[in-house]
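Below, each chain spelled out in residue letters.
Number of protein chains: 4
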Amino acid sequence: MKILAFAASLRAASLNRKLIALAADAARAAGAEVDLADFHEFDMPLYDQDVQDSAGIPEPCLELCRRIELADALMISTPEYNFSFPGTLKNAIDWVSRVKPMPLKGQVCYLLAASPSLVGGLRCLWHLRQPLEGLGTFVLPTMYSLPQADKAFGEDGQLVDPKRAETLTAQVQQFIETANLLRGKVSSAAG
Amino acid sequence: MKILAFAASLRAASLNRKLIALAADAARAAGAEVDLADFHEFDMPLYDQDVQDSAGIPEPCLELCRRIELADALMISTPEYNFSFPGTLKNAIDWVSRVKPMPLKGQVCYLLAASPSLVGGLRCLWHLRQPLEGLGTFVLPTMYSLPQADKAFGEDGQLVDPKRAETLTAQVQQFIETANLLRGKVSSAAG
Amino acid sequence: MKILAFAASLRAASLNRKLIALAADAARAAGAEVDLADFHEFDMPLYDQDVQDSAGIPEPCLELCRRIELADALMISTPEYNFSFPGTLKNAIDWVSRVKPMPLKGQVCYLLAASPSLVGGLRCLWHLRQPLEGLGTFVLPTMYSLPQADKAFGEDGQLVDPKRAETLTAQVQQFIETANLLRGKVSSAAG
Amino acid sequence: MKILAFAASLRAASLNRKLIALAADAARAAGAEVDLADFHEFDMPLYDQDVQDSAGIPEPCLELCRRIELADALMISTPEYNFSFPGTLKNAIDWVSRVKPMPLKGQVCYLLAASPSLVGGLRCLWHLRQPLEGLGTFVLPTMYSLPQADKAFGEDGQLVDPKRAETLTAQVQQFIETANLLRGKVSSAAG
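Protein chains in written order, with my numbering: chain A, 1 to 191; chain B, 1 to 191; chain C, 1 to 191; chain D, 1 to 191.
Some hints could be false.
Put simply, identical chains are the same to the list, so a pair is met inside one copy or across any two.
Claimed, not checked - Under the rule of at most 30 Å between Cα atoms (straight-line distance), these lysine-lysine pairs were calculated in the DSS-like manner:
hint : residue 1 : residue 2
1    : 100       : 151
2    : 185       : 151
3    : 185       : 163
4    : 163       : 18
5    : 163       : 100
No wet-lab data here; the hints were simulated from the structure. Quick caveat, the model's predicted, so the values are computed rather than measured.
Just need the whole structure built from these sequences, with the hints factored in.
This is the structure:
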C-alpha cells in the first residue's frame with residue numbers, strides 16, 4: 001500500500017503541512033509507504049486551454065499525475081479559502097483532469113482540513129468532494145476537520161489533545177483498510 | 001448480495017419508480033436479490049424531537065431501518081424538488097439518523113435521479129450526498145442522471161435510448177462490485 | 001415594514017425558537033412589525049403530487065403562503081439536521097413552491113441557525129440558500145450562526161456574550177435596510 | 001451605473017467571452033456603462049501567503065480591485081471545470097479577498113455560465129455563489145445558464161434562439177434595476 005500525501009498549501013508555515021505530516025506518520029505506523037510531497041513540486045500555471053493546445057500539459061502536472069499513478073491512494077490536507085477550496089488546489093485538479101488516462105478515476109482519497117477558525121475548514125471539505133467525486137474518485141465519507149489549528153499542535157508537532165490524535169489514527173486506519181479493499185478492483189462504468 | 005431499492009417519490013406515476021424498477025432488473029441480472037420497496041411503506045410524520053421523546057421512533061421508520069439492515073447495499077432514485085432533494089426523503093433520513101445503531105453507517109449507496117428537465121436532477125443528487133456521507137454512507141461517486149425523463153421510457157417501461165440503458169447496466173454492475181468489496185468489511189472510525 | 005419570522009423546529013424547547021425571538025425583538029426595535037409564527041401553525045403532510053391533484057394544497061400551506069404575502073420580508077432560524085436543512089422545512093418549501101403566484105419569489109430573507117455544535121449550523125445554512133435562491137428569493141449574504149447554542153442564552157433569554165448580541169442587532173438592521181430597498185421594487189425576470 | 005464584466009476564461013475562443021459580450025450589449029442598451037475586461041488583464045500567480053508577505057499583493061490583483069471599485073456592479077460569465085468553478089477564478093477571488101478594504105463586500109453580482117453540455121454550467125454557478133456570498137457580495141438569485149453553448153451562437157455572435165436572447169435581456173435589466181436599488185446603500189454588518 002503506497003500513499004501519496006500532500007498539503008494543498010504553498011505557505012512554509014502551513015498548519016496543513018503539520019497535519020498531513022501526522023497523517024503520514026499514522027499511515028506509516030499502519031504499514032503503508034507514504035510519498036509525502038510538497039505542493040510546490042506541483043506548481044502549475046493558471047489553466048488555459050490555449051496554453052494546453054500550444055504547449056501541452058505542463059511538466060509539474062505530469063509529475064503530479066505520475067505520483068498519483070504510483071500511489072494506491074491519496075491523502076490531501078487543505079486550507080479553507082473564502083468558504084471553499086483554494087483556487088490553487090482546484091487549478092491543479094483542472095490540469096490533471098485533462099490528462100488521459102485521468103489518474104484520479106478510481107482512486108481512493110482521504111480529506112483533511114486544518115483551520116484557525118472554529119469551523120475547521122468544513123465548507124472547504126464539502127465543496128472539494130464535488131470535483132473529486134465528479135471525476136470518479138472514491139472520497140472516504142469520514143473526513144478530518146481540525147478547528148483552532150493554530151493552537152492544536154505542540155512544539156513536538158503532535159496534536160495536544162489526545163482525543164483528536166486518536167481520531168486521526170483511527171480514521172487513517174479506516175482509510176487504509178478501505179483503500180486496500182477498493183484499489184484497482186473496481187471497474188470503470190461509463191459515467 | 002441483497003439490495004434495498006426505492007424511489008423517493010410518493011406519486012403513483014413517478015418517473016423515478018420507473019427508473020428504480022429498471023435498476024432493480026439490472027441488479028437482479030447481475031445476481032443480486034432486490035427488495036424493491038414502495039416509499040409509502042415508510043410514510044413518517046414530520047420529524048419532531050418532542051414526538052420522539054414522548055412516543056418513540058415511528059413504526060414506519062423502524063421498518064425502513066430493518067429493511068436497510070437486511071440489505072447489503074442501497075439504491076435510491078429521487079426526484080429533484082426546488083433545486084435540492086425532496087423534503088420527504090430528508091425527513092426519512094432525519095428520523096433514521098436517530099436510531100441506534102444507525103443503519104446507514106457503513107452502507108454502500110447508489111443514487112439515481114429522473115427528471116423531465118434537461119438537468120436531470122443533478123442539483124438534487126449533489127445535495128443528497130451530503131447528509132448521506134455525513135452519516136457515514138459510502139455513496140458511489142458515479143450517479144445516474146436521467147434528463148427529459150418524461151420522454152425516456154417506452155411503453156414496455158424500458159429506456160428508449162440504448163446508450164442510456166447500457167450506462168445504467170454498467171453502473172449497476174460497478175455498484176454491486178463495489179458493494180461486494182466494501183460491505184461489512186470496513187470498521188467504523190470515530191467521526 | 002412587516003416581517004414574518006419563525007424557527008423551523010417543532011420542538012417546544014428549541015434553541016432556534018429562542019434565537020428567532022431575539023431576532024424578532026431586534027427587528028421591532030428597528031421599527032418593524034413582526035409576525036412571530038410557530039412552525040406548528042404550518043404543519044403539512046408529506047408532499048405527494050397525487051394528494052395535491054386530488055385534495056389540493058393543504059390549508060396549513062395556504063396559511064403559510066398568506067403570511068408570507070402579508071409580510072415584506074422573512075426571517076427563518078433553523079436547526080441543522082444531518083449536515084443539511086431539516087426535511088420538515090424543505091417539505092414546507094416544496095408545498096409552497098406549488099402555489100401560484102409563488103409567494104417566495106422576490107421576497108427578501110435573512111437566515112439564522114442555532115446549534116449546540118461548534119459549527120453552528122453552517123452546513124444547513126449554505127444548503128438552504130439553494131432552494132430559496134432557486135425560487136427567486138433574495139437571501140441576505142450575511143447569515144447568523146450561533147455555535148454552542150445550548151450555553152449561549154441566559155435565564156432571561158438574552159445572549160450571554162455581548163459581542164454576539166451586537167452582531168445579531170447589526171445584522172437584523174442591515175436586513176431591514178436591504179428589505180426596505182428591494183421589497184416590491186424588483187421585477188421578475190424570466191428565469 | 002457602471003458595470004465591470006468579464007468571462008472567467010483565458011481561452012481566446014471561449015464561449016463565455018461570447019456570452020459576456022452579449023450581456024454587456026444588453027446592459028449598455030439598458031443605459032449602463034460597461035467595462036468589458038479580458039480575464040488576462042488579471043493574470044495572477046498562484047496564491048501563496050509567503051509571496052503576499054514578501055512581495056505584497058500582485059499588481060494584476062490590485063488592478064482587478066480598482067476595476068471592481070470603479071464599478072457599481074459586476075457580471076461574470078464562467079465555464080464549469082470539473083463540476084465546480086475554475087481554479088483560475090477562485091485563485092483571483094482568493095487574492096482579492098486579502099485586500100483591505102475588500103472590494104467585493106456589498107457589490108451586486110450577476111452570474112452567467114456557458115457550457116457545451118446539457119447542464120449549462122449549473123454545478124459551477126451554484127458552487128461559485130458560496131465564496132462570493134461568504135465575502136458579502138449580493139449575488140442575484142437569477143442566474144443565466146446556457147447549455148449546448150457550442151451551437152447557441154450565430155455567425156453574428158447573437159444567440160440563435162430568440163427565447164434565450166429575450167431571457168438574457170430581461171435578466172440583465174433586472175440585474176441593473178437591483179444594482180441601482182442596492183449599490184452603496186447597504187451598510188456593512190459585522191459578519
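Structure-based check of each hint:
1. 100 with 151: between (42 Å within a copy, 26 Å between copies)
2. 185 with 151: neither (41 Å within a copy, 36 Å between copies)
3. 185 with 163: This pair counts as between: shortest inter-copy Cα distance 25 Å, intra-copy 34 Å.
4. 163 with 18: Only inside one copy: residue 163 and residue 18 sit 17 Å apart there, 32 Å across copies, limit 30 Å.
5. 163 with 100: Only across copies: residue 163 and residue 100 sit 23 Å apart there, 42 Å inside one copy, limit 30 Å.
Against the hints set out earlier in the document, a violation occurs for number 2 only.
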